[in-house]
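Q: Sequence:
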Amino acid sequence: MFPGCLAMDSSAQAYQHRPLAIKLWPPSQGTRLMLVERMTKNLTTPSIFSRKYGLLSKEEAEEDAKQIEDDAFATATQHFEKEPDGDGSSAVQIYAKESSKLMLEVLKRGPRVKEGGELTSGKADATAETVFDISGGRRAFIEGKEAAELLEPLRGPNSYTKIIFSNRSFGLDAARVAEPILISIKDQLKEVDLSDFIAGRTEAEALEVMSIFSSALEGCALRYLNLSNNAMGEKGVRAFRSLLKSQINLEELYLMNDGISEEAAKAVSELLPSTEKLRVLHFHNNMTGDEGAIAIAEIVKHSPALEDFRCSSTRVGSDGGVALAEALGACKHLRKLDLRDNMFGAEAGVALSKVIPAYTDLTEIYLSYLNLEDDGAEALANALKESAPSLEILDLAGNDITAEGAVSVAACISSKQFLTKINLSENELKDEGVALISKALEVGRQLIEVDLSTNSITWSGAKLVAEAVVGKPGFKLLNINANFISDEGIVELKNIFKNSPDMLGPLDENDPEGEDNEGKDEEDGEHDELESKLKGLGI
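To convert, note that position 524 of the sequence shown is 538 in the working numbering; the numbers rise steadily by one, no gaps.
Please note: incorrect hints may appear among the correct ones.
Claimed, not checked - Keeping only pairs whose Cα atoms sit at most 20 Å apart, straight-line, the calculated PhoX-like set for lysine-lysine is:
| hint | residue 1 | residue 2 |
| --- | --- | --- |
| 1 | Lys399 | Lys346 |
| 2 | Lys435 | Lys399 |
| 3 | Lys435 | Lys486 |
| 4 | Lys259 | Lys204 |
| 5 | Lys435 | Lys346 |
Claimed, not checked - Pairwise CB distance ranges, derived in the manner of DEER restraints:
| hint | residue 1 | residue 2 | range |
| --- | --- | --- | --- |
| 6 | Asp101 | Lys72 | 46 to 56 Å |
| 7 | Gln431 | Ser61 | 16 to 26 Å |
| 8 | Gln107 | Lys80 | 13 to 23 Å |
| 9 | Gly214 | Thr144 | 27 to 37 Å |
| 10 | His316 | Gln92 | 48 to 58 Å |
| 11 | Lys159 | Pro520 | 44 to 54 Å |
| 12 | Lys249 | Arg190 | 53 to 63 Å |
| 13 | Lys96 | Pro520 | 38 to 48 Å |
| 14 | Ser288 | Asp147 | 21 to 31 Å |
| 15 | Gln202 | Ser61 | 19 to 29 Å |
| 16 | Pro194 | Ala154 | 20 to 30 Å |
| 17 | Lys512 | Lys80 | 40 to 50 Å |
These are computed hints drawn from the structure, not numbers from a lab.
Even for Gly, the Cβ is constructed at its ideal location relative to N, Cα and C.
Model the full assembly from the supplied sequences, consistent with the hints where possible.
A: Next up, the structure:
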């Protein structure tokens, strides 16, 4: 929240008869500097824009962020001066929207380069196409003749640095057509996307196609490699041996939905010669298991620059979870961590909590469906409370968290002023736990979305969370579906959101006859009890 202040210009005398009031505008200098810092981080974080337009250096990003903040501040101040009687909340919204708009313009402009002493847009220097993409259209098999036609633009001089061959299934004839073309351009390639490029082929043909592509691209200095959706297994990983072993500058590696088993994970770890520059590593929807996770942990352990790690839906249990957690201790620059849908348990959760304090740049953390229970959730929430000051997304859904664990989770939430999305669905919070969370939600002014569905909540808890979010500027969605809210409570909920009905998510799975709902009179009594507890609650 922006600290209150009073205007001190000559117009102040005209308002001396008004009572002292807290105003949200202008923000403090500290708040303005924090916004500049956050924008600088965003401008220097790899994204779809940086792949297309280039990534800004830290120095240039700082310069742009300061200019953006100055311009947004001036625009918002002009608006505020036109409504001096307001509390400044509309100026705050304009400040945020203008900052976002200007930052997007900078991202699309890309880095600037000096030409003759003048700063110009880096985009102007990139008039020639740099991305060759044949992934559009319907998914299809391609053979030799069609491959020759599709890849014709790659023959002869060109400026392509990225190729995208996904969504097309290459047969042997097509691979042999592609081979000399790839050899001719591999020295200029920086990014290669071969995701989903052998679908429907027999194992023997697919392995030979992968081997042809691997040999053709061997030695190219890639920063980005995507081999997802190819059901490779260990044989497929080793078919890419030549390509993988020649990569020493990789910054992004994607191996999602590839059938990465224990043996395949060990092969990946064995074949990659260096991951010192790796910033993005995604293993998702594989059958890695604990032993495979230990192999992946070896990769992570030697990736000190890692900023974005995803190892979700990989069948990793407690032992593998502990190994990954300990390896992640070497990654001090993590911004995004996604470990969803594994079988970690409380022990792995506690192990992860021990390395969390190192993550000062963390903005997103996804820890849903890890079987953390209260012990694991409390350890992680306590660790996050003391770190990750810029955390924006917190996901702890499906972990059997009760009101006991909600104490630590609520304390964590209340310490994060930049949280935009919170997912605590499919837990066991009930009204008592939701009361704690609701109190914590009063702090965050950046909140956009809160999910407390499937938590055995009655009208008592639903009312508290609804009142906590309904007045927040910019808030978009409260999901409290699949709970035990009475029919009368549903009517009251809709009344709370009558001026912004889209904020309240669907309630089609609500069960008014749920086990925790024994009538409105009892709910009202529970609500009074919750209110009395909340009055003395401090987070």
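Q: Would you mind marking each hint as holding or not holding in the structure?
A: Each hint tested on the structure:
For the proposed pair Lys399 and Lys346, the alpha carbon gap of about 17 Å is at most 20 Å, so the pair holds. Restraint check for Lys435 and Lys399: the C-alpha separation of about 16 Å stays at or below 20 Å, so the hint holds. As the CA atoms of Lys435 and Lys486 are separated by approximately 13 Å, the hinted pair is consistent with the 20 Å bound. At roughly 16 Å between alpha-carbon atoms, Lys259 and Lys204 fall within 20 Å of each other, so this suggested pair holds.
Between the alpha carbons of Lys435 and Lys346 the distance comes to roughly 23 Å, so the proposed pair goes past 20 Å and is violated. Asp101 and Lys72 have their C-beta atoms about 36 Å apart, which leaves the hinted 46 to 56 Å range violated. One distance hint, 16 to 26 Å for the beta-carbon pair Gln431 and Ser61, holds here, with the actual separation near 23 Å. A C-beta distance of roughly 21 Å is found between Gln107 and Lys80, which places it inside the suggested range of 13 to 23 Å.
Hint check: Gly214 to Thr144, Cβ distance near 30 Å, so the stated range 27 to 37 Å holds. Our hint of 48 to 58 Å for His316 and Gln92 holds, since their Cβ atoms are close to 52 Å apart. Taking 44 to 54 Å as the suggested C-beta distance range, the pair Lys159 and Pro520 conforms, at roughly 51 Å. Against the hinted window of 53 to 63 Å, the Cβ-Cβ separation of Lys249 and Arg190 comes to about 20 Å, which falls outside the hint.
Between Lys96 and Pro520, the C-beta spacing of about 39 Å keeps the proposed range 38 to 48 Å intact. A hinted range of 21 to 31 Å holds for the C-beta pair Ser288 and Asp147, which are about 28 Å apart. Evaluation of the 19 to 29 Å hint for Gln202 and Ser61 yields a pass: the beta carbon distance comes to about 23 Å. Take Pro194 and Ala154: their Cβ atoms lie about 23 Å apart, and the range 20 to 30 Å holds.
About 42 Å separates the C-beta atoms of Lys512 and Lys80, a value consistent with the hinted range of 40 to 50 Å.
Taken one by one, the earlier hints fail for this structure at numbers 5, 6 and 12, listed in ascending order.
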